[in-house]
Amino acid sequence: MNRGRILALLGIVVALLACLQRTSSAIPVFARKYGFNCTMCHSSYPRLNDFGVRFRNNGYLLPGHGAIEKTILESPTPLALRTGAGYVFDEFKNVPGAPFQRGFQVVGLDILSAGLLSQKIGYMMIFVPGITEAPGLAGQEASLEMANLVFREIGGSPVSLRAGRFEPAYVAFSVKRHLGDSPYEIYDFSFPGGPAFSETQTGLELRCGTRGPMRAVAGLVQGSGTNRSSDNPQDGYLRLEGVLGAGEGQTAGQRIGLVGYFGRARPDASVAAPNDDAQSFRRYGVDASLNASSVNLGVQYLWGRDNGALWGQGSEATWNGGFAELTVGTDFRAAFLARAEMVNEPSFIDRDLRRYTAGGRYSFEDNVAAHLEYSHQVVNTSAPDDPAEDYFTLRLDMAF
Amino acid sequence: MRWVVPVTLALALSATPFLLHGPQARANGAMFANGLLPALPVPADNPQTDAKIRLGAQLYFDTRLSADNTISCGTCHDPRTGFVNPNATDTGIKGQVGGRNSGTVINSAYMRYQFWDGRAGALEAQALGPIHNPIEMGETLENVVRKLNAIPGYKEQFQVVFGSDVTTDGIAKAIAAFERSIVSGPSPYDLRLMGDARAMSPAAVRGQHLFNGKAHCTPCHGGPLFSDQSFHNIGAGMDRPDPDLGRMNETKDPADRGRFKVPTLRNIAQTPPYLHTGAEKTLMDVVNFYDRGGIPNSNLDPLMLPLRLTAGEKADLVAFLEALSGPVPTVVIPQFPAGPGPAADPKGGLR
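Quick mapping for you: the protein sequence lines, in order, are chains A and B. Under the working numbering, the first residue of the first sequence is numbered 1, with each subsequent residue one higher. Under the working numbering, the first residue of the second sequence is numbered 1, with each subsequent residue one higher.
No lab work stands behind these hints, which were simulated from the structure alone. This one's a predicted model, so the numbers in the text were calculated from it and none came from an experiment. It is possible that part of the hints are untrue.
If you want the footprint, here are the derived chain A segments under chain B, 3+ residues with CB under 8 Å [stated by the list, open to error]: (1) 29-41; (2) 48-62; (3) 295-308; (4) 326-335.
To give an idea of the interface, some chain B residues facing chain A are shown, with a C-beta separation under 10 Å as derived from the structure [to be verified]: (5) Ala30; (6) Ile135; (7) His232.
For glycine and all other residues, C-beta sits at the position ideal for the given N, C-alpha and C.
Same shape as in the complex, but just chain A (with noise of 0.2 Å):
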C-alpha cells in the first residue's frame, strides 16, 4: 500500500473530524434517545462516571425516572457503531516469531444496541463482527461480546438480575470502558486456556443495594473455555463493595471492594491428556476507587490459586498482582492516566510481568476524541535477555 495515499486519506479523515468540532454532538445509543450528550455517563469515554455506573446499574433505566421512560420502541433506533483510526507502533523485543507492527490502522468496529425492553427489562447487546488483519486494518474475530437483559427492581426489592453475555461484576475496573488501550495484565491472566477476568462470561448475576454504602453481587457463569458444552456452569463469584461518601467511587465518593472467585475448570489439552476430570481454582481480589477532586487512584490487586493439574503441574499454583492507575480529567474534554502493572507468576514459570503504561485522549466532541498511548512491558526471566513490547498510538476514536 502506497504509505502517502495513506497518510493523504488520513488527513481528509482529520479535516473532516476537525470541522465536526463544532458540530457535532454524541449520538450513540443512550445519548440519541434521552438527548444528552456522552459526558453525562462518561467522565471521559469510554470510561463510566458516577451517573452512568448508576445507569448501567439500574438496567439502562434512569433511577428516578421510571414513570417517563421510552422503551426501545417508542424511541429512536437504539443502534450504534465504535471505531479507531490512527498510528499504531507495536514492537516486540527478544520474542521469537512476534509481529511487529508499525503504521496507520482503523482498529475495530463495534455494533452496539441496547434499551429498555420494559420499564423494568433493560437490555445490551455488542457484535464485534469479524475482520480480516491487512495492513491498515486490524483483524478481529467475530464474537457476540454482550448480549444480556437486566431484570430492575425484582418483586419491587432492590435486586436485579443480569442474565446472558455480560462483564462481570468481579471485574472491578472495567475492561470494556477503561481509559487505556493496553491491557490490565492481571485480569488477562490465568491457567492455560483458563477464564481471564477481562472476558465477559454467560450466565446470570443478582446485584443487591442500588441505595447506601453497601453493594452486593453474586454471580453464577458458565467459567472456563476448556469446560464442555455438556458441563453444567460451576463458577461462581462473590463481591461486596462499599462506597464512602456521595457517588458510587468513580468519580465521586471512595470504594473500597472484595471479590472472590470459585470456579472448576478442565485442564487445557496443550497441559494434560484430553478426559481429564475438571479442577478447582480460585481467585481472591480487594479493590479500592479513591477519589479527590478531579484525580482518581484505582488499585487492584488480585491472588490466584490453581489446581496444578490446570498447569500440568503437580503442586498448587498461586500467584498474584494487580495495578494501580492514576486518572486525571482536567476538564470534561482532556484526561490523563498513568498505570503500573505487575503479575507475579506461579514460581515454576521463571517470568514476573510488568507493564507501565501512560496516556490521555482530547475529545473534540464527546464522540470524537484523540487518543495518545505509550505502554512498555517487560517479562523479567533468568534469561539474559527479557523479552519486552513497546506500544504506542495516536488514534482518533469514534462512536456514532
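Using the hints provided, position chain B relative to the given structure of chain A.
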C-alpha cells in the same frame, strides 16, 4: 486497493454526525430534548381576551384582595424582579414570614403544577390559594367576593367579561388569564436554535454542552421549559431541624419526602434567589450547590451526584443559564376602580 475498505469506513463514519446533528436530530424523539416553547396552552373554558387580561391585572395588583389591604399578588410576584420576591421567603399580612421562596409567574402557564409542592394544577386553581392563605393575603374568598361586588368598577367589568357579578370562579379565571399573558419571548438560546449561530456567547455554548452532559442538568431540566414538570429531592433545606417535606405534604407518600417541583429555567437569571428555600442567592451559588451533589438525606434523588466541575465550567454553565432569558411583557400598575371601603394601594402592593 485494500485501503478502500478502511478509509471508506472511516470517512462514512466521520460524515454520519453531519446527517444526525442539529436541533432537529435532538428534537427527533429524544426524551429530554430542550427546544422552543410550544403554543401557549389555554383552557377551553377560559379563553384569553384583552378585557379579561386587563381585569386580571387589576386584581393581581389590588391590595384589597388581602385581609388588611396591604398585600397583592404582585407583592410577592413583583414584575420588577422577574415576578418573584427578591427575598429568600415571602412576607404576608401582619409581617408573617412564609417558608418558601416565591415562584415566578413567567411561563407559569406552561407548568403542569403550580406551587413548589404542586398542590395546584392549572393557574385557575393556583390563583385563589394565596388569597385565603392565612400567612399570605389572609382573606376569605367570601369576603373578597363581597368586597369586590361592592366596587362598581369591578362589578361592571365582571359583567362584561363573564356576564355575571363577581365570583370566586371569575376572580380565578381573570387572574389566571393575566398570568397566562406573562410569557417570555425568544432568548439567545431560542435565537440560536432558530439559526442565529452568534446569539449565544461561546461560553454559553460550552455551558449548554455541560448542561446536557457533565453537569447532569437535563434529566430534570429537560424539555422546552427546561423542567421535566416533576418533583425531585435535591436535598435543599433537608439539613434543617424540621425540614419542609414538600410534595409529601400534598400526597402523603413517603416517596415524595423532600421532593419539590422542578422549576422552569427560562428567565432564571431574572429570578433570584433560588431553590424553594431561597438560600442560594446567585446562579453561581446554585451551580455550586449542585456541584457538591446537593444535601445528603434519606430520599436524595439518585441522580444527585458531585459533579467535579472546574471553575471555568461553572462559569460556562452560568453563561448558558443567563442565555435562557427572553423579553417579558412590560407590565404597568393599572388604575384601580374606586369603592366604598379603603382605597387600593396605588403602587399595587409593590414594596
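Structure-based check of all given hints:
no.	hint	result
1	29-41	holds (count 9)
2	48-62	holds (count 6)
3	295-308	violated (count 0)
4	326-335	holds (count 4)
5	Ala30	holds (3 Å)
6	Ile135	violated (32 Å)
7	His232	holds (7 Å)
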